[in-house]
Amino acid sequence: MRGAQKTTLARQLRQDMTDAERALWRVLRDRKATAGHKFRRQHPIGPYVADFACLEKRLIVEADGGQHQQSRHDAGRDTFLRREGFRILRFWDNDILQNLEGVCDMILRQLSESTR
Numbered sequence: 002m003r004g005a006q007k008t009t010l011a012r013q014l015r016q017d018m019t020d021a022e023r024a025l026w027r028v029l030r031d032r033k034a035t036a037g038h039k040f041r042r043q044h045p046i047g048p049y050v051a052d053f054a055c056l057e058k059r060l061i062v063e064a065d066g067g068q069h070q071q072s073r074h075d076a077g078r079d080t081f082l083r084r085e086g087f088r089i090l091r092f093w094d095n096d097i098l099q100n101l102e103g104v105c106d107m108i109l110r111q112l113s114e115s116t117r
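Quick note on my numbering: the sequence shown kicks off at 2 and runs consecutively.
Calculated from the structure, these hints are not laboratory results.
Even glycine gets a Cβ: it sits at the ideal position worked out from N, Cα and C.
A few of these clues could be false.
Below, in silico cross-link-like pairs of lysine to aspartate or glutamate (EDC-like), each with a Cα-Cα straight-line distance of 20 Å or less [said to hold, decoys possible]:
1) Lys39 to Glu57
2) Lys33 to Glu102
3) Lys39 to Asp106
4) Lys39 to Glu85
Each pair of labels, with its calculated beta carbon distance range [as the list claims (entries may be wrong)]:
5) Met107 to Lys39: 30 to 40 Å
6) Glu114 to Asp17: 26 to 36 Å
7) Ala76 to Gly37: 25 to 35 Å
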């Protein structure tokens, strides 16, 4: 996928966010809630688009629906992103919607444990 195509896809994904992605974005976009760390949503990285990425801490947060269950595409994607130096946190949409506070606590722990 070319750069312009990825940008167009990322813009489309920002407009078509799931309920779980919207709920998580409301928290992640507030730097006070993320200890001052900046997150980008639907951010292109290589041939992929990360749901949420903190570039400073090399942390990607993914909100996964049922389509991601046992996905080979996700495994290859994760391998690529890890080779690029990113850590990946995956949460099921249901977990985000039912336990947003717990999800956010886990993200904050990962941000504070980061060495970058």
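Right, here's what the structure says about each hint:
Distance check on the hinted pair: Lys39 and Glu57 sit about 8 Å apart at the alpha-carbon level, within 20 Å; holds. With a C-alpha separation of about 14 Å, the suggested pairing of Lys33 with Glu102 holds against the 20 Å cut-off. Pair hint Lys39 plus Asp106 holds up; C-alpha atoms about 16 Å apart against a cutoff of 20 Å. For the given pair, Lys39 sits about 19 Å from Glu85 by alpha-carbon distance, which is consistent with the 20 Å threshold.
Taking 30 to 40 Å as the suggested C-beta distance range, the pair Met107 and Lys39 does not conform, at roughly 18 Å. Our hint of 26 to 36 Å for Glu114 and Asp17 holds, since their Cβ atoms are close to 32 Å apart. At roughly 32 Å, the beta carbons of Ala76 and Gly37 sit within the given window of 25 to 35 Å.
In terms of the numbered hints stated before, the structure departs from hint 5 and from no other.
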